[in-house]
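Participant: So the chains spell out like this:
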Amino acid sequence: MTASRPAIEGWFVDGDEPALVGKRCDECGTYVFPPRAWTCPNPTCRSADLADVTLSRTGTVWSYTTNHYEPPAPYISPDPFEPYTIVAVALENEGMVVLGQLEGDPADLRVGDQVELTAGVLFIDDDGPATIWRWRRLVGQEVEQRPKADLTGGKA
Amino acid sequence: MSSVIVAGVGMHPWGKWGRNFVEYGVDAARKALDDAGIAWTDVQFVSGADTVRNGYPGYVAGATFAQALGWTGAKVASSYAACASGATAIDVARARILAGMCDVALVVGADTTPKGFLAPTGGDRPDDPDWLRFRLLGATNTTYFGLYARRRMDLYGATELDFARVKVKNSEAGQHNPNARYAKAFTIEEVLSSPMVSEPLRLLNICATSDGGAAVVLVSDVYAKAHDIPTTVKVAAVSTVTPTYPNTVIEMPNFATDSSAVAGLPGRPFRDDIAHAAYEEAGLGPEDLSLAEVYDLSSALELDWYENIGLCAPGEAEKLLNDGDTSLGGRIPVNPSGGLGAFGEAVPAQAIAQVCEVAWQLRGQSGARQVEGARVGLTANQGLFGHGSSVILTK
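As given, the protein sequences belong to chains A and B, one line each in that order. Per my numbering, residue 1 is the first one in the first sequence, and the count goes up by one each step. Per my numbering, residue 1 is the first one in the second sequence, and the count goes up by one each step.
It should be emphasised that the hints constitute simulated quantities derived from the structure, not laboratory data. Mixed in with the good hints there might be a few duds.
Now the in silico label distances, taken between C-beta atoms and shown as ranges [claimed, not checked]: (1) B/183 / A/47: 34 to 44 Å; (2) A/125 / B/178: 42 to 52 Å; (3) B/68 / A/10: 40 to 50 Å; (4) A/72 / B/314: 51 to 61 Å.
Ideal Cβ positions, reconstructed from N, Cα and C, are used throughout, including at glycine.
All chains should be modelled from the sequences, with the hints used to inform the complete structure.
Facilitator: Given below as structure tokens:
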């Protein structure tokens with residue numbers, strides 16, 4: 001078995017506690033993800049000194065959606081294709097929302113839920129498995145009080 | 001300041017014709033010129049809205065259409081701003097007229113689209129966020145639409161039925177539009193039984209990709225008066241704003257929003273800024289509108305736009321819809337053309353098509369989909385990579 005490698009270099013660290021890697025401006029403290037080589041994105045800051053920083057491993061669900069159709073290339077779908085969920089997460093401390101695929105069942109997921117970062121295999125090619133960051137719902141949350149919006153328009 | 005007049009508008013019908021996009025553009029241009037009563041040889045400036053799906057001729061659309069119509073020595077520009085390309089092309093033409101650099105400008109956009117999901121440009125391009133979002137996440141365009149729709153459900157209690165009602169409303173109007181692709185009034189049941197794409201959005205909640213072409217002829221008011229051209233429809237504002245940092249709503253094709261950790265939350269989200277800039281320039285507000293044409297890439301997104309253009313407060317769009325306010329005959333009809341739901345999207349032509357519809361409405365030429373007594377119309381749209389697009393026309 002070939003060792004796994006990240007599907008993209010420098011955007012996250014794998015291991016026991018996976019984390020996204022962004023940049024933080026040395027001068028004004030602004031964060032940016034994905035990491036970028038050039039200037040601080042804050043228009044009032046002229047700094048070009050951005051340092052690597054691992055971002056919060058937890059956050060709150062901003063929204064989520066499950067895709068039921070196979071996307072076009074360059075996405076590499078499993079064969080046969082399986083629906084997958086993408087979740088937008090407001091990070092704990094950085095004031096930003098970051099996308100990622102969801103690990104686990106989206107059935108009980110709601111906007112506002114707590115999630116944490118994990119990593120898993122995105123695809124396997126001739127070079128072996130390629131990993132990507134994912135979001136995972138933190139267990140132990142009450143779901144009974146959150147009825148799923150229904151089809152019948154029973155809204156007041 | 002002098003004003004800019006919409007002298008003529010024209011469209012090649014939307015569909016999946018599979019022919020060269022130049023053909024649609026030329027057809028739309030000739031219709032707009034005929035509508036204005038202006039000869040092609042009198043056009044001084046050609047403003048093309050580019051397509052990136054039809055090779056080099058699409059990247060230089062202004063010159064491509066000029067050559068197809070026959071070289072006249074007219075000056076030319078070509079603009080690309082994704083879905084907002086048409087509004088940018090209008091903005092460029094209008095600015096030249098306002099600057100006194102020309103009196104007659106032709107704006108044209110047309111597209112031929114492939115079947116299925118819009119995909120990124122081919123090849124191995126790991127430094128292009130548009131390529132990477134497909135590669136690393138499978139974040140199709142409809143993914144972003146699905147995120148917005150789900151957020152409305154969990155935050156505001158929107159339902160799949162609400163989304164279906166938008167589609168039904170727009171298809172009821174669009175069936176009367178000879179330029180629309182789908183001349184069919186869909187039912188709630190048809191929408192709710194169509195295949196799930198990006199949950200909670202189904203196939204019939206999502207706009208298709210279409211072929212089509214649209215054109216407008218803009219002239220200075222001085223030229224219009226000198227040539228007995230009706231000055232009925234005026235361009236009151238064109239907004240092509242970019243976001244103000246930090247843009248805190250996740251947008252195509254991005255992996256993340258900007259960070260508000262240092263800069264603080266913005267006063268207005270970007271999509272609100274787009275219409276706000278247009279209202280400011282026109283000296284008008286949402287209460288002045290007779291109708292609006294908004295970019296319903298998904299039927300749920302139309303509800304977001306109600307709030308973004310100020311028709312109601314956040315969370316109240318479903319009520320506006322269900323009270324019939326935004327239907328034909330309602331207080332403020334939205335997408336009387338049928339919107340993208342009835343057209344499908346022909347990217348560089350779409351923002352121009354929105355302007356064509358508003359012009360026809362203000363002239364009272366919209367037949368069965370006419371908004372009675374229309375005097376002010378707004379278009380709103382957004383192109384990926386930070387392009388705002390909003391045009392206000394007045395009578």
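Participant: Which hint numbers does the structure go against, in order from smallest to largest?
Facilitator: Hints 1 and 4 not satisfied by this model.
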